[in-house]
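Knowing the structure of chain V, use the given hints to seat chains W, D and H with the ligands on it.
Chains as they are written, first to last, in our numbering: chain V, 1 to 376; chain W, 1001 to 1376; chain D, 2001 to 2339; chain H, 3001 to 3339.
Since no wrong hints were added, every one of them can be taken at face value.
Covered stretches of chain W (in silico footprint by chain V; criterion: 3 or more residues with CB under 8 Å from a CB of chain V, positions within the stretch not fixed): (1) 1186-1197; (2) 1215-1222; (3) 1225-1238.
Simulated from the structure, these hints should not be mistaken for lab results. From a predicted model like this one, the values you see are computed outputs, not experimental measurements. Glycine included, each C-beta is placed from N, C-alpha and C at the ideal position.
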Amino acid sequence: MDAHTAAPDAELVQLITPEGVRVENPTYSPLVAGLTADDLRGFYRDMVLVRSFDAEATSLQRQGELALWAQCLGQEAAQIGSGRALAPHDFVFPAYREHGVALTRGLDLRKILHLFRGYKHGGWDPAEHNFHLYTLVIGSHSLHATGYAMGVQRDGNVGTGDPARDTAVVAYFGDGATSQGDVSEALTFSAVNNAPVVFFCQNNQWAISVPTARQSIVPIANRAPGFGVPSVRVDGNDVLAVHAVMLEALERARSGAGPSFIEAFTYRMGAHTTSDDPTRYRTAAEEDYWRARDPIDRLRTHLVNEGLVDDAFFEALQAEADELAEATRTYCRGLGEPPATEMFEHIYSVPHPLVAEERAWFEEYEESFLPEGGAS
Amino acid sequence: MDAHTAAPDAELVQLITPEGVRVENPTYSPLVAGLTADDLRGFYRDMVLVRSFDAEATSLQRQGELALWAQCLGQEAAQIGSGRALAPHDFVFPAYREHGVALTRGLDLRKILHLFRGYKHGGWDPAEHNFHLYTLVIGSHSLHATGYAMGVQRDGNVGTGDPARDTAVVAYFGDGATSQGDVSEALTFSAVNNAPVVFFCQNNQWAISVPTARQSIVPIANRAPGFGVPSVRVDGNDVLAVHAVMLEALERARSGAGPSFIEAFTYRMGAHTTSDDPTRYRTAAEEDYWRARDPIDRLRTHLVNEGLVDDAFFEALQAEADELAEATRTYCRGLGEPPATEMFEHIYSVPHPLVAEERAWFEEYEESFLPEGGAS
Amino acid sequence: MTEAPAKTPKVPMAKAITMGLRRAMEADPKVLLMGEDIGALGGVFRVTDGLLKDFGPDRVVDTPLAESGILGTAIGLAMRGYRPVCEIQFDGFIFPAFDQITTQLAKMTFRSHGLLQMPVVIRVPYGGGIGAVEHHSESPEALFAHTAGLRIVSPSNPADAFAMIQQAIASPDPVMFFEPKSRYWDKAELDTDVPADTSAHAIEVSLHSARVVRAGTDLTIAAYGPTVTTALAAAESAAAEGRSIEVIDLRSISPIDFDTLTASVQRTGRLVVAHEAPVFFGSGAEIAARVTERCFFALEAPVLRVGGFHAPYPPANIEEEYLPNLDRLLDAVDRALAY
Amino acid sequence: MTEAPAKTPKVPMAKAITMGLRRAMEADPKVLLMGEDIGALGGVFRVTDGLLKDFGPDRVVDTPLAESGILGTAIGLAMRGYRPVCEIQFDGFIFPAFDQITTQLAKMTFRSHGLLQMPVVIRVPYGGGIGAVEHHSESPEALFAHTAGLRIVSPSNPADAFAMIQQAIASPDPVMFFEPKSRYWDKAELDTDVPADTSAHAIEVSLHSARVVRAGTDLTIAAYGPTVTTALAAAESAAAEGRSIEVIDLRSISPIDFDTLTASVQRTGRLVVAHEAPVFFGSGAEIAARVTERCFFALEAPVLRVGGFHAPYPPANIEEEYLPNLDRLLDAVDRALAY
Ligand SMILES: Cc1ncc(C[n+]2csc(CCOP(=O)(O)OP(=O)(O)O)c2C)c(N)n1
Ligand SMILES: Cc1ncc(C[n+]2csc(CCOP(=O)(O)OP(=O)(O)O)c2C)c(N)n1
Ligand SMILES: [Mg+2]
Ligand SMILES: [Mg+2]
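Chain V on its own, in the form it takes in the complex (with noise of 0.2 Å):
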């Protein structure tokens, strides 16, 4: 086995083993101390049905309705666990795999598949849920992250004390999008302003198929602290341990203490993307690995142990995600196609001559191919 997949050290923050088992972290323990058994089923609720939605888009996307999927399997745990932590009115910049996010945020998760399918770029209103657009050019929007938390600065929003005020601002990017200049500029940027931003590296060992050391002979989160940035690496696959550590970043950015940067050290257990063949690159064994170290498996065996989940309680969570898989399908199979006219819109705010001309044109040119008479 390579030596990226070797067991996470022992410096992981982690506060369920792989094995379930609840342990005692003096700094961390105490931040979700507080957390209820009905917190706990959330998170696991949050889990299996981000999964679901995960599963049945891949599954979509091989019956031919979606261009392209790129699954978040085996990230849910770094997915929820953050996600949990946030408030509503945080600000969330995801990559294109942060579906535990979208769905922590509120978002109807079925607009992911709008990008996915080539009918829109977009495909919601960033502001309905303070979650901005997937970005899939690699750690441009760490900078955006960080503009927009000096925004949260110049409102006023940070340090006040009043938790309804102040805000945080999240950047989630892979180990692959460490390696770009912008994630550098990103924290550099955010340390000379103090900015309420915590940027979140989900290390899922890959970028494509090239594994973390080959982005970082150290440990993705040694960067940060380079750059004034405190850090920490988590257990990427222990939900309550990546709660804990982003409740702690939140609270250093709404309270004007400034950035964070946060490693949870994970594994993409699918491929990259449908498009993707990961038996190129990496071994079974190791996906045989990780596979056994699957984030849902560990909390669950936690709820079991402990005695807070009965039978009921799977029963109607897996009649929940079927439902959510059923309405996915039936959403995206009812999509249909946009207008081409919708090339022409809101390229810009204010009318534009060009825009308006070809539009124009383009109009008539397809009148053109109507039945004659057909045109009205």
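Just chains W, D and H with the ligands, lined up with the frame of chain V:
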């Protein structure tokens, strides 16, 4: 006095105090133990010569002979101490004020005027002294150095143990440059490739008008370890300490142990360039403070105290410095202008129809201005 | 060019932009400036001089030395409701920000189906003729005009600079504002106390309208930014030889006001386009192609282009020969008239 | 298009490029490949498939995820005597490298007065029509053609792809090699055992020559990369209506072989240019401007351009309407012939 003008902290490697007193450092003193009095006088000579050249170029700019001049005033120890550690077959990528390094490479300094006069963009043959052209676009050349070092690796010129063969590559840049994404990417590429490159950052505390604190809230040297590149902070006004840390870093590169990062903490005693007006952004008190810590004075005091120099030495050196200034002045005034057709040369290495067409047009056009019958 | 009461002071373009920024900042607290050395130094051209003192470091932000970082954070600020005005120190240093401009800034409104507006201005001192070293004299406007979602303008005189910068800042679309640095010190009478018209109409129409700055009948010269003055000089010089040349200041490179341009060419039948950027794939190509399409039967000569050669901007010693100077323009005028 | 003995296998363009890379690597040990996922994965389009195995990780380098880093280190490698071939994963991801390409790579030979050569190839799978998500279907060639120092080519068929990649690698000047990804799987008979002609003449002339791929008399269509097939289909379709259309595969966008182009237009009197990139400031602009200047009296109609609209590349669902498809080309042909 602002934070950034405070005396360098105790963690700076120092071998000669500002008072000119030699101090012991268990790691670095041994590296320079073999230096002779001649070597030390050589350091001093280089520093004085380049300062004379620099002053002459500055005055040539004032006289309208140069479009611009970027002084290295105050950074002589950083440049000479590091430059004198290089082997002839090492390769250097300078920024734009490395006149001291140029001197140690054996470059005819007067060729530097070409660029600043607007006479040529380059001005010398990079291969002649393994000294690349100046790069004005901040940070870009850090990647070129890294790529060049990757080439050195492929040539098998690393870790052979043969000092005539093992080769290091050096990129010089400033504190401001560390904010550019390219420099971070260079750290990444060098680390994952274990490339034989040394990043030599002259932290002269200013990027034009912007203090280092606006680029990084932690010492610049902290940056590199987060990428897996070891770093050291050295008193950049202590030529001996700079020399020692540079020897160490070069040896690491050549031996195959990989890249290093040096932060030489120094001060830009002059303006950013002759176009700049430092009175707008820094105090006279700050400038005075650093003038009192002049790197040349420090070595002079040391040499005098140790009885390693006499009046004859200083007189001969002054004569040499005056001669260099004189030769610089004469050379510059004699440069004239290149023929306008140079702009059509070397755009490509292979003949190019558009260039040929435009050149032919231009030559005909120019001839049309000659007095009738005057064209040959 | 503009008649004004004798008491109106003469203002150089650089100062006109300073005053335009000041008016915009006074008018809208969401306007902020970002860039390298724009604070205490006031920018290397002193365009932001005095603004830090009056508006404070939250609104006049000295950024770290990273152009992608400047543009990327400006996009985030715009998403949060601010109107960042970014200064790129010199033309040749805009390229590290190319990705953020082309892929993010230009597309955000489209990607979000109009839900996100991007009121970001990018000020770029550009062009040559000032005897500068490498990378300080380039004209990269064509490299941005190809990309939909951006608006690109370039004033040629202080009055336009003053008005257009305010309109650019008021625009909900991103505007690249190319400042011809060789004209920074050209003066004109200008009352900078009265803020510019930043109505919707001004942003849609005035900001992007070409202007006939000299009427003529034999040939049209289209210019923008630094070449407008040269074009006017060429027209003056040609007039001495009995040729009547119309000069159009395009003012906007994206969109281009083809209506004004073609109306002129329909009358004159001849067009010369002048810009400092290389001719190959430059603005003149688009103008020539589209004007020819629109005025095919009116054209007596092909549209001729005068601009930089297919070469990197040369050393300052020989830049005069590279630039579309008066003689080069007159030569093209002669050639066009010879058809 | 090419006649070949029956036994020659049919090879898709992607595979032809693989074989061209292989031949170049065999011919010169200094040739190395760099890019994201080009090693074990063989690239997302499998163009480098098998090369890691045969040439090892020093010559097939999986880089960190940073395009500026790829190009910047390639420049350094070239300075040390290597010939790096960089793969950019998709068109839309080339922009982080824009500065290194435009300001460093393109200018290094000029800056050094010819002392430094830059034999760097940048392979860019480009164009649309493959139903991809955002940023995966763009055609940015015009954004590079404006910059002197770069050479830009785009093959339209397997045989050209095989030869041109080898010539590009042998070129001492930087070459941007735009691979029309919608044609990656189009096959043609091709013998990939014989390396291409990489003589000085081939690099200077063959690599940059346009080719008349179908002779005709009434109108010329100029195309390159993905639109050549469309142009041939349009010619075929027009032939059925008795119109004789000449099709030129430009093959090179910088330089452009204007001699071949204008010779054709002098005969046909009409030109339509087709490319996927937006028309505004696209290659068609330069072609229209220069051909009009050269063939002013021969032109019976203005040069018409068919290409992308002034809009970001749209979602895949509606890309067919955005692209210069057969109908759009025929429409332009009709309009040109109607003059
Ligand atoms: C600027 C840029 N370059 C290349 C790509 C192609 N690409 C898409 S995803 C990917 C790998 C990303 O890896 P990582 O950041 O670890 O995120 P993950 O996919 O593992 O979540 C690459 C190279 C891109 N989208 N953007
Ligand atoms: C990419 C880029 N952006 C901006 C500039 C303008 N500029 C020239 S020097 C400079 C400051 C550089 O500071 P630093 O790196 O500390 O080097 P120093 O001049 O202090 O030696 C700036 C901003 C540039 N040359 N390149
Ligand atoms: Mg990853
Ligand atoms: Mg500095």
